[in-house]
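Protein chains in written order, with the working numbering: chain A, 293 to 409; chain B, 2 to 378.
These are computed hints drawn from the structure, not numbers from a lab.
We put the CB at the ideal spot given by N, CA and C, even for glycine.
The calculated lysine to aspartate or glutamate pairs, modelled on EDC-like cross-linking and capped at a C-alpha distance of 16 Å, are:
no., chain 1, residue 1, chain 2, residue 2
1, A, K320, A, D295
2, B, K73, A, D382
3, B, K288, B, E260
4, B, K73, B, E105
5, B, K81, B, D95
6, B, K73, A, D386
Non-contacting residues of chain B with respect to chain A, defined by C-beta distances greater than 10 Å in every case (computed):
no., residue
7, S76
8, E105
9, I163
10, C256
11, V262
12, A266
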Amino acid sequence: MIDVLKRLCTNPGFLGAMVATKDGIVVKSHLQAGMDDDASAALVSALLTSTTSLLGNVGLAGMEQIVLRASRGKIVVADLGIAYLVVVADRNLDLDSGMLEIKSASKALSRIGRIAV
Amino acid sequence: MLGLFKRVLDVGQTHRVRRRARIDSSPRSTIELCALLQRQGRLLAAREAAREGLIRFPYSLELRQILHATWKRSSSQVVKSLEGRIVTDDSAGDHLQLVAHYLEFGELDSAAEACQRMVERHGQNLEVVLVAAEVLLGRFHRDHVAEDGSLGLRCLLKAVEIDPKCVRAHWDLCNTYYYIGAVSKAVFHLYKVLDESPDHSEARELQKILDRLPLERLEEAELLRRVEESDEAKFRVESQRGQDPREPGVRGAICSHLEQVSLMAGVEKTALSHRGLDVVSERGSRKIFEANEVPDPLLSFATTFRRTASLSAKRMGIGAFEESEMCWSGGWILALAVGRSVLLVKGTGSQRIPIVRAEARNFLAGLTIAATEAVDD
Chain A
293 MIDVLKRLCT
303 NPGFLGAMVA
313 TKDGIVVKSH
323 LQAGMDDDAS
333 AALVSALLTS
343 TTSLLGNVGL
353 AGMEQIVLRA
363 SRGKIVVADL
373 GIAYLVVVAD
383 RNLDLDSGML
393 EIKSASKALS
403 RIGRIAV
Chain B
2 MLGLFKRVLD
12 VGQTHRVRRR
22 ARIDSSPRST
32 IELCALLQRQ
42 GRLLAAREAA
52 REGLIRFPYS
62 LELRQILHAT
72 WKRSSSQVVK
82 SLEGRIVTDD
92 SAGDHLQLVA
102 HYLEFGELDS
112 AAEACQRMVE
122 RHGQNLEVVL
132 VAAEVLLGRF
142 HRDHVAEDGS
152 LGLRCLLKAV
162 EIDPKCVRAH
172 WDLCNTYYYI
182 GAVSKAVFHL
192 YKVLDESPDH
202 SEARELQKIL
212 DRLPLERLEE
222 AELLRRVEES
232 DEAKFRVESQ
242 RGQDPREPGV
252 RGAICSHLEQ
262 VSLMAGVEKT
272 ALSHRGLDVV
282 SERGSRKIFE
292 ANEVPDPLLS
302 FATTFRRTAS
312 LSAKRMGIGA
322 FEESEMCWSG
332 GWILALAVGR
342 SVLLVKGTGS
352 QRIPIVRAEA
362 RNFLAGLTIA
372 ATEAVDD
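Isolated chain A (complex conformation) (with noise of 0.2 Å):
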């Protein structure tokens, strides 16, 4: 798993990856140094719970991929069913490009996640 995370990074403006479960909770990192990989995950995941929550209210569900850009950077969450997969990558990325990487990596990690449930 943190070999596909390390793949992925090595895409340029490609800052960061990790894998978080629903809750909140860190299963693999590769996070550039200054950034906190507890803390992400459990802001991740709190952004996640309250936008489902409130994609439901509209009548809306099964979220598979979010896209926040910000002005130092953008994160992308794809869910990997069981968990999710949050890239953090520099705000100037392309990511028409870079959506295909993540892509393969989300679907090699999906793939890791079944073998190991």
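Given the coordinates of chain A, assemble chain B onto it according to the supplied hints.
Coordinates of chain B only, in the frame set by chain A:
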């Protein structure tokens, strides 16, 4: 001959687009001008057009991206040469030149990194700490991240330690404390400014405002945290150019533009919350929600999501929340934010996302055109 003819056509086309960009109330034409200049190979002209466009539309993400891309392509040699001089010379002047270059093109994050190195090596130089404070507080005003504000204030306090009579440092401290609501500290530094510079007209004007305000009850750290959580300052200065939804005619114009976005192919519904105006538009028709009405669920989603995403982005260290894209098998939702204003677009067809996003960005950038923000009475 053909080359000359093509150049004449290019010049004519550029003039037409430039004229349109001057009167367009959205950044669309300015973005088109930048793209046209880039296609013509006129990188510096594209960079300048993006820079001028950002003065008019400071919240346009497209223009910021264009400026960053053109700056990177045109200035990489300049940055390399300045960094080379720092490695060989390491004088304060070289560091300051590099930071000034970054600031000229709005590269606040690169400037902040350069400032960190600069302060580590020349932390006793007055000009160095003043410039570092300027950069950090610029970032604080942009992102409302408490840590930037705190570091900026520390730099200014270091500056007054180095030179207790530095008017610029006291004035910047006064303004920053005023911005976050620390009235007593703002008054303290205001009187320091007036002691050294009794004819400081801006200080005299600010004195009239500060004299009327109640003193703060919270510590500085708590005030900074409140600014971070609310995405705005407690005290703000009068706007000279802004689309205030309370102004007659502006509300109608904003809603009409929103309806146009809702009519785009792939868009099902839009929701906007902007400075007291809450409106939802679906297939060209609108509903405005007054303060005592129960808002549309999509509107509630927009404001709650913006708050959550904003705090999460800041706490994760990636700055101020700008936009988000949520996808599922049946469709997508785009959420775009500037400060406390949020625009939400719900739609179907993932291939429509880039087009709708560009249009939504232009709408929001045109909406929030302002040199500075409005005051609370």
